[in-house]
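Protein chains: 2
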Amino acid sequence: MVEYIEARQLDSVFNALRDPTRRAILRSLSHGSSTIKEIAKPFPLSFNAISKHVMVLESAGLLRREVRGREHHCWIQSRPLRDANQWLEHYRQFWEERMDALEIYVAKKAKVLKKGTAHGRLH
Amino acid sequence: MVEYIEARQLDSVFNALRDPTRRAILRSLSHGSSTIKEIAKPFPLSFNAISKHVMVLESAGLLRREVRGREHHCWIQSRPLRDANQWLEHYRQFWEERMDALEIYVAKKAKVLKKGTAHGRLH
Numbered sequence: 006m007v008e009y010i011e012a013r014q015l016d017s018v019f020n021a022l023r024d025p026t027r028r029a030i031l032r033s034l035s036h037g038s039s040t041i042k043e044i045a046k047p048f049p050l051s052f053n054a055i056s057k058h059v060m061v062l063e064s065a066g067l068l069r070r071e072v073r074g075r076e077h078h079c080w081i082q083s084r085p086l087r088d089a090n091q092w093l094e095h096y097r098q099f100w101e102e103r104m105d106a107l108e109i110y111v112a113k114k115a116k117v118l119k120k121g122t123a124h125g126r127l128h
Numbered sequence: 006m007v008e009y010i011e012a013r014q015l016d017s018v019f020n021a022l023r024d025p026t027r028r029a030i031l032r033s034l035s036h037g038s039s040t041i042k043e044i045a046k047p048f049p050l051s052f053n054a055i056s057k058h059v060m061v062l063e064s065a066g067l068l069r070r071e072v073r074g075r076e077h078h079c080w081i082q083s084r085p086l087r088d089a090n091q092w093l094e095h096y097r098q099f100w101e102e103r104m105d106a107l108e109i110y111v112a113k114k115a116k117v118l119k120k121g122t123a124h125g126r127l128h
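Sequence order for the protein chains is A and B.
Mapping of the first sequence onto the numbering used here: residues 6 to 128, in sequence order.
Mapping of the second sequence onto the numbering used here: residues 6 to 128, in sequence order.
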């Protein structure tokens, strides 16, 4: 059951992150809280379009909003990002192994090139 | 331009990861390469449905396939997962700060409780 809830949460987090505007909104909120009007400013999109993106982020638990008078103040909520990060960590061994293999290949290649140059100098 | 390409790649990676079946396929491939028939076995889904999920993972660069006779052998490709992980790392300070704040709160709470118990014993 817990796994099912976690799966549902990951579904909505990755769904929220698949849109570049939503990722840009999260980035802008990493500098501090903002109103939706402030969030919308740098985007060539309508206030309504930004508002919909904010709603997707909110329902994924990535953003929290507080209504103060007529303004909606938004904060980033990092916990679901941490969970997504932890899910990806499972594959860390793969990319690290690949990087190790690449480093060995580059080192070998450099050694061969160095040998070739030294050999060239002798003759 | 590079940023644009990276953004497009992240779009398709997060889009691929938002489905629990696709995440389960990646997990199963983390034990080694498999044919699509082998991948499909544990799922209550048709071969065609699994095949479509494999195509989404492939177009996101998360899976590579090689056709040998009538069998399609699949491997995990971790590079795009690493890039997605790096994107999330940007927010690490947020969840780490939150964890620090939580630890301080728990430690304070434990101290208060301990004091209360000690006080209770004296009387």
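Be a bit skeptical, because a hint or two may be false.
You can't tell identical chains apart in this list, so a pair holds if it fits in one copy or across any two.
Within a straight-line C-alpha distance of at most 25 Å, the following computed SDA-like cross-link-like pairs (lysine to any residue) qualify [claimed, not checked]:
| no. | residue 1 | residue 2 |
| --- | --- | --- |
| 1 | LYS57 | SER35 |
| 2 | LYS116 | ALA29 |
| 3 | LYS116 | ALA45 |
| 4 | LYS113 | PRO47 |
| 5 | LYS57 | GLU101 |
| 6 | LYS57 | ARG13 |
| 7 | LYS114 | GLN82 |
| 8 | LYS46 | HIS95 |
| 9 | LYS46 | GLU11 |
| 10 | LYS119 | PHE52 |
| 11 | LYS120 | PHE48 |
By construction, these hints were calculated from the structure, which means they are not laboratory data.
Please read these numbers as outputs of a predicted model, since none were measured by experiment.
We went through each hint and held it up to the structure:
1. LYS57 - SER35: within (19 Å within a copy, 36 Å between copies)
2. LYS116 - ALA29: So LYS116 and ALA29 fail the 25 Å test inside a copy (43 Å) and across (42 Å) alike.
3. LYS116 - ALA45: neither (53 Å within a copy, 45 Å between copies)
4. LYS113 - PRO47: For LYS113 and PRO47, the Cα distance exceeds 25 Å both inside one copy (48 Å) and across copies (42 Å).
5. LYS57 - GLU101: This pair counts as neither: shortest intra-copy Cα distance 38 Å, inter-copy 29 Å.
6. LYS57 - ARG13: both (20 Å within a copy, 21 Å between copies)
7. LYS114 - GLN82: This pair counts as between: shortest inter-copy Cα distance 24 Å, intra-copy 46 Å.
8. LYS46 - HIS95: between (38 Å within a copy, 22 Å between copies)
9. LYS46 - GLU11: between (34 Å within a copy, 23 Å between copies)
10. LYS119 - PHE52: neither (60 Å within a copy, 52 Å between copies)
11. LYS120 - PHE48: Cα proximity of LYS120 and PHE48: none, with 55 Å in one copy and 54 Å across.
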